[in-house]
Amino acid sequence: MSIFVDENTRVVVQGITGRDGSFHAAQMLDYGTAVVSGVTPGKGGTLFREGVPIFNTAKQAVEATGANASAIYVRASFAFDAICEAADAGVRLIVCITEGIPVRDMTKALPFLKSRGARLIGPNCPGIIAPGKRAKVGILPTGMFKPGSIGVVSRSGTLTYEVVFQLTRNGFGQSTCVGIGGDPLIGTNFIDALEAFEKDPETEAVVLIGEIGGTDEQEAAEFIASHMRKPVVAFIAGQTAPEGKRMGHAGAIVSGAAGTAKEKIDAFAKVGVPVAPVPSDLSGLVRQVLKGRLR
Amino acid sequence: MKIHEYQAKELFRRGGIPVPRGEVVRTPDAAYDVAAAYGRPVVVKAQVLVGGRGKAGGVKLAQSADEAKRFAGEILGMVIKGLTVEKVLVTEAVDIAEEIYVGVVMDRKSQMPLVIASAAGGVEIEQVARERPEAIRRLTVDPRYGLLAYQARTLAGELHGNFAVVQQIAAIIDKLYRVFESTDASLAEINPLVVTPSGDVVAIDAKVNVDDNALYRQKELEEMRDVSAEDPGETEARGADLSFVKLQGDVGCVVNGAGLAMATMDLIKAYGGQPANFLDIGGSSNPQKVVSAIKIILLDRNVKSIFVNIFGGITRCDDVAKGLVAALKELDLKLPLVVRLTGTNEEQAREILSEVRLDYADTMDEGVKRAIELARQG
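Residue numbers (our numbering), protein chains in the order written: chain A, 120 to 414; chain B, 80 to 457.
One should not assume that every hint holds.
[Stated by the list, open to error] List time: in silico DSS-like cross-link candidates among lysine-lysine, alpha-carbon distance up to 27 Å:
1. 298/B x 364/A
2. 381/A x 298/B
3. 139/B x 188/B
[As the list claims (entries may be wrong)] Now the stretches of chain B that chain A is said to cover, found in silico as 3 or more residues with beta-carbon under 8 Å:
4. 185-199
5. 289-298
6. 322-329
7. 338-348
8. 386-394
9. 418-432
10. 438-452
For the record, the hints were derived by calculation from the structure and aren't laboratory data. For every residue, glycine included, the Cβ atom is placed at its ideal position computed from N, Cα and C.
Construct the complete structure from the given sequences, taking the supplied hints into account.
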């Protein structure tokens with residue numbers, strides 16, 4: 120198994136004729152993912168790469184091609200609408216790559232998704248990949264992923280690639296890797312992913328990559344202590360970040376004394392989750408927790 | 080994005096929240112004129128985008144126009160937390176019987192706007208939260224329905240015993256929420272909201288932070304941006320569509336992706352160096368962005384070496400390499416450059432860079448150590 124995506128995942132790409140949408144639709148197809156349709160209003164009736172039908176609406180795309188997942192590559196000002204459209208069309212998993220969506224839009228999108236029973240990953244995320252299933256929804260470069268038993272969940276993109284690159288080089292393949300996004304309001308948080316990894320028989324241990332801002336990591340620490348039997352190891356980025364400055368990600372900001380890396384590292388330490396001081400220590404920690412030397 | 084108190088008060092005034100008369104001035108003489116025209120005591124307040132202005136001596140009560148002029152002279156040019164005061168707000172003094180706190184923030188946990196209120200206003204709300212958590216009232220607002228009238232009434236009723244005052248507070252909470260929503264704010268705060276001896280309720284301070292992601296549809300607010308409060312590199316970076324934050328160290332870094340950029344800074348610190356900045360060139364593959372990034376780092380005279388850390392995904396290593404070659408040619412770069420490029424089109428990148436003199440690193444750890452060493456030698 121894997122979490123949130125598998126060999127039955129059928130992807131509709133919203134914004135498939137745009138620069139990013141077309142590039143990444145092709146990349147997903149090349150990886151072996153079932154990209155079954157695309158949506159661009161006004162381009163309905165045409166084909167992408169000679170085989171993928173494009174529709175004017177998500178509803179038509181889902182009805183005609185049985186898509187059950189969506190990847191969103193539209194501009195920030197259209198993203199709220201695209202998220203709601205996908206949910207209303209009956210898509211169960213929506214992965215929103217778009218960066219820069221106003222927070223106010225997300226406060227409205229999230230209850231809408233809940234009422235339609237759809238899961239959102241992101242926004243402002245690299246997406247999700249299950250290497251053993253050749254299933255990818257998003258923009259993650261596939262080269263360094265290898266099938267295996269490590270679950271990875273992260274608020275970041277390239278830092279995740281860096282960590283996965285090192286895991287693979289040290290012999291640790293991945294069951295699923297999910298980038299939950301760098302925005303303050305996101306659809307799937309650490310706990311959602313941890314809960315799914317705990318239930319996934321193919322996952323033996325989880326690597327969690329957090330960063331400054333908010334309290335998601337602190338809540339994840341509590342969840343691990345009370346609900347998880349599988350080992351988790353963590354890394355927190357932003358230990359040197361100054362107060363009050365947004366560090367690239369809209370959600371990566373220390374406000375007053377809240378949301379610091381130290382607070383998060385302490386929360387994990389308190390429940391016995393090993394935290395790597397530097398990213399290159401993560402593989403070593405994974406090796407130790409799998410041998411049962413640590414928690 | 081932060082805006083000044085006088086700008087936030089203008090938003091409040093337009094939203095129907097009572098604020099005392101005031102004008103923003105840049106000279107002591109102009110402060111005199113405003114105070115003389117009001118003909119009563121005024122408060123002279125430094126307009127800088129940091130908290131703690133009062134403690135730093137940036138807020139003074141003047142009994143006369145002469146005093147207003149003198150205080151303005153003292154406050155203008157003052158440096159508060161690294162920022163020079165260029166403007167002061169001269170505003171009518173208000174008699175204070177009680178001080179209340181009301182604010183609206185975007186709450187990450189509930190994923191909804193949160194109204195926070197307390198009868199213990201006038202001090203930092205974080206301090207009240209620590210010392211007297213029971214004195215704070217919280218109300219999450221479902222953004223689909225907005226703040227309902229009874230919610231504002233109920234909350235106001237918990238802050239004061241006099242019904243006439245409660246009605247005024249309820250109206251102000253309602254209007255504050257509307258300002259918060261219509262401006263795409265991440266924070267809208269009145270501290271303190273003052274009850275005067277005669278029972279009027281007035282906002283004597285105002286703070287509004289705006290969601291950067293919403294500025295594309297908040298043009299008027301975008302124009303309120305005060306670039307004098309920023310590091311010049313940060314202003315430059317925004318123009319070049321890069322994410323940059325200046326720090327105090329001497330090892331500059333150019334990275335793709337915010338998480339990796341933070342981790343790179345942390346690694347510099349972990350290996351005994353000091354990062355000079357956070358810089359994310361973003362996901363795209365534009366060689367010009369690399370040139371802009373190096374230019375911005377060179378604005379900082381403290382920088383002694385530069386580490387370029389790229390994990391290619393959507394960002395292609397060959398594009399970054401082209402940018403580095405262009406930067407070396409255009410900028411006459413004298414500082415040592417350490418480069419680590421992995422991922423998409425790494426081989427082509429190495430070929431492009433074979434014609435220039437650079438320090439290569441195979442891993443992030445190795446690159447960081449080398450950059451620190453070179454900064455020490457420089």
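Which earlier hints can't be squared with this structure? 2, 3
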